[in-house]
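Chemist: For chain A, the structure is supplied; the task is to place chain B on it using the hints.
Respectively, the protein sequence lines represent chains A and B.
Every number in the numbering used here is 81 more than the matching position in the first sequence, counting from 1.
Every number in the numbering used here is 49 more than the matching position in the second sequence, counting from 1.
These aren't lab readings, by the way, just hints derived from the structure by calculation.
Where a beta carbon is used, it is the ideal one built from N, C-alpha and C, also for glycine.
Some clues are possibly wrong.
[To be verified] Examples of chain B residues toward chain A, derived with CB under 10 Å:
#  : residue
1  : THR80
2  : PHE81
3  : ALA83
4  : PRO117
5  : ALA119
6  : LEU126
7  : THR127
8  : MET132
9  : THR133
10 : ARG137
11 : HIS226
12 : MET233
[To be verified] Sample of chain B residues lacking proximity to chain A, with all beta carbon distances greater than 12 Å (derived):
#  : residue
13 : GLN142
14 : MET149
15 : THR171
16 : ALA174
17 : PRO175
18 : GLY177
19 : LEU199
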Amino acid sequence: MSERVDAPVRPRAAAVAATFCAVALLTALELIVVGLEMDRAARITTLAGLLMAKVGLVLVVFMRAREGRPAVRLALTAIVLAAGAAIVLMLETIFRVGVR
Amino acid sequence: MVSQIAIGGTDNAVPDSGQRVGGVGATGMWTFLATDAMGFGALFIAYGMLRVRADVWPDPRTRLDLSPAAAMTFALLTSSLTMTLATRATTLQGRRTWLMATLVLGLAFLTGATLEYAHLLTAPAPMGVTTDLFASTFYMLTGFHGLHVLAGVIGVGFMLRAKYGAQAVDTMGLYWHFVDAAWMPIFSMVYLWPAR
Chain A
82 MSERVDAPVR
92 PRAAAVAATF
102 CAVALLTALE
112 LIVVGLEMDR
122 AARITTLAGL
132 LMAKVGLVLV
142 VFMRAREGRP
152 AVRLALTAIV
162 LAAGAAIVLM
172 LETIFRVGVR
Chain B
50 MVSQIAIGGT
60 DNAVPDSGQR
70 VGGVGATGMW
80 TFLATDAMGF
90 GALFIAYGML
100 RVRADVWPDP
110 RTRLDLSPAA
120 AMTFALLTSS
130 LTMTLATRAT
140 TLQGRRTWLM
150 ATLVLGLAFL
160 TGATLEYAHL
170 LTAPAPMGVT
180 TDLFASTFYM
190 LTGFHGLHVL
200 AGVIGVGFML
210 RAKYGAQAVD
220 TMGLYWHFVD
230 AAWMPIFSMV
240 YLWPAR
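For reference, chain A alone in the conformation it holds in the complex:
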């Protein structure tokens, strides 16, 4: 009786191509936002939103974070907490400095 072997679950080619295009587009949008005349807080909020969208796409599609294994969930919790805490803390402190 042969041992059953599962092949690695890979994202579909269309999903990979679409994700690559989406992340490239979001990066281009970041560069466009930097050149726009807009309020500083709005600019940083927009850039932070674009950043989170890019990282989310890479995590979900390229790193297949939706597989839901315990190790992945544990790692994702740490990654999201670390990145989220950094971004929220920065936005909060920037806001406080702006108010002050």
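Modeler: Frame of chain A; chain B shown alone:
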């Protein structure tokens, strides 16, 4: 038997290490990435605190050239695509081709970073590590990330030398995508976020 085929086989078919998805390699890599993410997170928080508490913080565009950094960003992003294509390849030749493309793009990123450092250090008003807080945090964040890219390039180089199984390339891919994802906040916060 499986591992012999995976590492030393001579057939043109893509070998598989026989590990299940979520095996020891992937679990170990995810655990490592979790700890590494906390390291990056700590650096980002330190960067944020230093930035908002600094009396003077220059606009990044007055110090850093955006075009080379954008090119480096696209090179790293494209390398994530080629790494994904390497994990999807159905033949060893195909896998080697995409791994080679990933290696070249990783080296292009490192070359860009080196040239950027050289430009900053030899400019008429050079920006050294101890010039100010902006410079210190810039070199710390980009240097820490650059070391990760270098480690990834070395890892991909090893993958090219031996016929590793599909799961091993998949695990290496996780690391590579993480390095790509870690660059995104650096590019955004250090290069793009305006000064107060």
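Chemist: Each hint needs a verdict: does it hold in this structure or not?
Modeler: Hint check:
1. THR80: holds (6 Å)
2. PHE81: holds (9 Å)
3. ALA83: holds (4 Å)
4. PRO117: It is violated, given that the least Cβ distance between B/PRO117 and chain A is near 13 Å, above 10 Å.
5. ALA119: holds (6 Å)
6. LEU126: holds (6 Å)
7. THR127: Since chain A brings a Cβ to about 8 Å from B/THR127, closer than 10 Å, the hint holds.
8. MET132: At about 8 Å, which falls below the 10 Å cut-off, the nearest Cβ of chain A leaves the hint on B/MET132 intact, so it holds.
9. THR133: holds (5 Å)
10. ARG137: holds (5 Å)
11. HIS226: OK, holds: B/HIS226 within 10 Å of chain A, min 4 Å.
12. MET233: Given a least distance of 5 Å, the restraint on B/MET233 holds.
13. GLN142: holds (18 Å)
14. MET149: holds (18 Å)
15. THR171: holds (26 Å)
16. ALA174: holds (23 Å)
17. PRO175: holds (25 Å)
18. GLY177: With a cut-off of 12 Å, B/GLY177 remains clear of chain A, as the shortest Cβ separation is near 25 Å.
19. LEU199: Per Cβ check, B/LEU199 is outside 12 Å of chain A; nearest 20 Å; holds.
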